[in-house]
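Here the protein sequences come in this chain order: R, H, D and B. Using my numbering, the letters of the first sequence map in sequence onto residues 1 to 250. Using my numbering, the letters of the second sequence map in sequence onto residues 1 to 250. Using my numbering, the letters of the third sequence map in sequence onto residues 1 to 250. Using my numbering, the letters of the fourth sequence map in sequence onto residues 1 to 250.
Do not rely on the hints blindly, as some may be mistaken.
Pairs of lysine to aspartate or glutamate, EDC-like flavour, derived with a Cα cap of 20 Å [stated by the list, open to error]:
{"no.": "1", "chain 1": "D", "residue 1": "K249", "chain 2": "H", "residue 2": "E240"}
{"no.": "2", "chain 1": "R", "residue 1": "K249", "chain 2": "B", "residue 2": "E240"}
{"no.": "3", "chain 1": "B", "residue 1": "K5", "chain 2": "B", "residue 2": "E81"}
{"no.": "4", "chain 1": "H", "residue 1": "K249", "chain 2": "D", "residue 2": "E240"}
Rather than coming from a laboratory, the hints here were simulated on the basis of the structure.
Residues per chain, in single letters:
Number of protein chains: 4
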Amino acid sequence: MAVSKSFYAIVAGTGAGTGRSVALRFAKSYPVVLLARNPSNYEDIVSEIKQQGGEALGISADMSDPAAIASAFENIKSEYEGRGLGLAAAVYNVGARPAIKPFLELAPSDLDASLDGNVRGLFHFAQATLPSLLASVPTSPHPPTLLVTGATSSVRGSTRFSVFAAGKFAARALGQSLAREFGPQGVHVAHVIVDGLIDMPLTREYVVNEGREDGKINPDAIAESYWHLHTQHRSSFTQELDLRPYVEKF
Amino acid sequence: MAVSKSFYAIVAGTGAGTGRSVALRFAKSYPVVLLARNPSNYEDIVSEIKQQGGEALGISADMSDPAAIASAFENIKSEYEGRGLGLAAAVYNVGARPAIKPFLELAPSDLDASLDGNVRGLFHFAQATLPSLLASVPTSPHPPTLLVTGATSSVRGSTRFSVFAAGKFAARALGQSLAREFGPQGVHVAHVIVDGLIDMPLTREYVVNEGREDGKINPDAIAESYWHLHTQHRSSFTQELDLRPYVEKF
Amino acid sequence: MAVSKSFYAIVAGTGAGTGRSVALRFAKSYPVVLLARNPSNYEDIVSEIKQQGGEALGISADMSDPAAIASAFENIKSEYEGRGLGLAAAVYNVGARPAIKPFLELAPSDLDASLDGNVRGLFHFAQATLPSLLASVPTSPHPPTLLVTGATSSVRGSTRFSVFAAGKFAARALGQSLAREFGPQGVHVAHVIVDGLIDMPLTREYVVNEGREDGKINPDAIAESYWHLHTQHRSSFTQELDLRPYVEKF
Amino acid sequence: MAVSKSFYAIVAGTGAGTGRSVALRFAKSYPVVLLARNPSNYEDIVSEIKQQGGEALGISADMSDPAAIASAFENIKSEYEGRGLGLAAAVYNVGARPAIKPFLELAPSDLDASLDGNVRGLFHFAQATLPSLLASVPTSPHPPTLLVTGATSSVRGSTRFSVFAAGKFAARALGQSLAREFGPQGVHVAHVIVDGLIDMPLTREYVVNEGREDGKINPDAIAESYWHLHTQHRSSFTQELDLRPYVEKF
Chain R
1 MAVSKSFYAI VAGTGAGTGR SVALRFAKSY PVVLLARNPS NYEDIVSEIK
51 QQGGEALGIS ADMSDPAAIA SAFENIKSEY EGRGLGLAAA VYNVGARPAI
101 KPFLELAPSD LDASLDGNVR GLFHFAQATL PSLLASVPTS PHPPTLLVTG
151 ATSSVRGSTR FSVFAAGKFA ARALGQSLAR EFGPQGVHVA HVIVDGLIDM
201 PLTREYVVNE GREDGKINPD AIAESYWHLH TQHRSSFTQE LDLRPYVEKF
Chain H
1 MAVSKSFYAI VAGTGAGTGR SVALRFAKSY PVVLLARNPS NYEDIVSEIK
51 QQGGEALGIS ADMSDPAAIA SAFENIKSEY EGRGLGLAAA VYNVGARPAI
101 KPFLELAPSD LDASLDGNVR GLFHFAQATL PSLLASVPTS PHPPTLLVTG
151 ATSSVRGSTR FSVFAAGKFA ARALGQSLAR EFGPQGVHVA HVIVDGLIDM
201 PLTREYVVNE GREDGKINPD AIAESYWHLH TQHRSSFTQE LDLRPYVEKF
Chain D
1 MAVSKSFYAI VAGTGAGTGR SVALRFAKSY PVVLLARNPS NYEDIVSEIK
51 QQGGEALGIS ADMSDPAAIA SAFENIKSEY EGRGLGLAAA VYNVGARPAI
101 KPFLELAPSD LDASLDGNVR GLFHFAQATL PSLLASVPTS PHPPTLLVTG
151 ATSSVRGSTR FSVFAAGKFA ARALGQSLAR EFGPQGVHVA HVIVDGLIDM
201 PLTREYVVNE GREDGKINPD AIAESYWHLH TQHRSSFTQE LDLRPYVEKF
Chain B
1 MAVSKSFYAI VAGTGAGTGR SVALRFAKSY PVVLLARNPS NYEDIVSEIK
51 QQGGEALGIS ADMSDPAAIA SAFENIKSEY EGRGLGLAAA VYNVGARPAI
101 KPFLELAPSD LDASLDGNVR GLFHFAQATL PSLLASVPTS PHPPTLLVTG
151 ATSSVRGSTR FSVFAAGKFA ARALGQSLAR EFGPQGVHVA HVIVDGLIDM
201 PLTREYVVNE GREDGKINPD AIAESYWHLH TQHRSSFTQE LDLRPYVEKF
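Excised from the complex, chain R in its bound form (with noise of 0.2 Å):
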């Protein structure tokens, strides 16, 4: 593991799930930073990043928090841009569950702490990172890269997911802007349509596709997928691509 000296990455929303796979995964090429509400969302991999010989560093924020935004990227900036590392990778993966209800038994609140994670949050971090992928792309050695983890949801509304379609869709909308606008800038922005149950803790015990094998996705093989669309040549950018298990009814 040849872990660069020159470039970092930051993971935004870490847990047991993507984030998890995806900081891992960026750790065995830089130095990561590990963004998540609650400490205990990044303590663990953080460990397990130094473990297997990688750099990491947690900071707790709320992403739909600007001033704890602004705050976390200070003290992001001030440890590696300080130390002059330039940012090569920024993932937005912050997995904001919102209501699934009927329509009518929701609250406002529900449709707004969807908006909050799926779309504030994502705009926050956007701003709060573009300027240093594009810093960056004179000298990384893959295009500067912002990945946004998307769902089903991202592109079909449906019954009982009417609010977290509200703010997936309008993720997607930001992540489609910003490819249009960064990538002649050459940072690539590109948006994963997760389209199945990841397999994690959390959902152990759930059973879909009729049990399979496999039939849940393993996070570390979206990782690879992230990773891949990172290295991509900026002469071949992909700006979306969906994931799911070969089990999958779509």
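Position chains H, D and B relative to chain R; hints supplied.
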């Protein structure tokens, strides 16, 4: 003009363009409630409807303020449903005009303005009107209808339109979710992608489509499509259609 | 019923469902030419139109055979354009019923049958009608219109429907291309996604949507949407709309 | 370079661009069969692979001719499967270059050329390779994979590209249908939308994207994404992804 004495319609977001034309079109068949933040946005239309023998009521309300909406709908319900009228159609046409800027020049309030007008307002409006629309299912001459006005940015994120697209994608997600939830209960929810500049006083000076005749969308033509959607048989509902000038590039 | 003495319409692919209803609907305003492979598919409709005071002409032609189409259109043009009538609307509704089978059980002829009916026929039909539609632009009361009937398989490939989807996707591609090419010249090209089972003699015994009332699409309702598309103002053309029963899962 | 002695790959449609790069990339791990109409399209690539220590076999076959394909596959199967090798990956990259013309200037043969190369050939290729891919499911180190090369015209019909779009939409329909049918059986079917001009001898003189560096797609970069698709874990399959230069307008 035979205006119904049993059903009424609501149009939220009136002004000089789509809202005005839709209100006038629906007023040929129903008493129409016009909702807008400023009375100046509905007063002339109310007069125009009355002059043509129709019935109209303007109510001032900020769609992103739940309390204002609740109060407006109490007012509406006592005025119409108290007299035994059922709600036949509700049109959400609130035209949030958010900042059109490079992403890094946007303020968080620019995102909020888009989300407020496009999503939060629709959420409140749908929660306020769906119970009445459902109640009209058994008796309404046409399937009770909830119509949402979209735009190019409902299906395409682009440079400078990032926050507008965020709001519009989210509104489309809500509309699609509501269509799937309330369609089987008999309420028709449809989303219209207005993909072009509307011909109205505000846009008179803008030159689009090389200034060709009918190169801007006639809002009365939009209103005809809204009326068509409202009168579709329940065995043949449209969920989404696009509208654009014949000379528009797309 | 005031049938135009200056314009006529053509409906290709008539039978008991959409084609019949569209022919009857357009016959309220125009003399209508009905094209079908077998006279038994238009004879009754021609009689029905005449009984209602309309004008109709049935012509037998296989849409996938360019020579047959050429001959049919010579016939049509001498009959109508020879008398000075212009073409106001052309509807392509040829209902190729291709094999619905597992992919490895399909024969190449199954693919060809789908391509013949859905794409080749449309190609020939569009080449035969577009010059006449263009010629009608300056005088037609509504923008001259080319309408194409699609299906669920126009936008979704699925198990057992692979060759049907191949044909339907291709027809959608043609329609979309023609809309972009001929729209700016004043011809309205629209594609309708009929996303459900049509209620007609052939489907009477099928139980869909739990057998609920209006769970199959009333073809007269489809015809109303075709007529609406035809009468849209050129500043407000729809390129694509979907139609499905209120109880349809989608 | 450790080339498998148990599995092989097939690339149909080789030449100077994507096909060549994909063949070279897959040849790092598998013996590769190259299929092209003219030997001149694979001879140099076969030599190149052999010089790099790989194994390659070129076979001349017209993909739109079922008899030619049958004969080619008998040849392939006796050569590889007779020796006990299983098929790990099959890539359909046939580059039909159909007429790009105004619709009314197209001949029926222009449509046929597009359908032959894009759809019929894929149909035959998929029927010939899927049984072998299915047979490899239990033993293949990566899920057996069928990859289809698409283009901008796979998702967008446009002026002058009508018949190209017809063929490309149809191929996408086939690919999507096959993904839904064969995914649950363990075969990964993916479609790649190549949305830009490929950098190869044929396109060297074309100026796109203002002539900016990397403004054409490096076919080796495309090949990396094909390889990534092939190596995805079965719990995390991508069905469709887009590839375009960072400076491409989309």
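Evaluated hints:
1. In summary, the hint linking K249(D) to E240(H) is supported, as the alpha carbons are separated by about 15 Å, within the 20 Å threshold.
2. Taking the CA atoms of K249(R) and E240(B), the gap is about 15 Å. The hint holds against a cut of 20 Å.
3. For a cut-off of 20 Å, the pair hint linking K5(B) to E81(B) stands: about 11 Å separates their Cα positions.
4. Distance restraint check for K249(H) and E240(D): the Cα-Cα separation of roughly 15 Å lies within the 20 Å cut-off, and the hinted pair is therefore satisfied.
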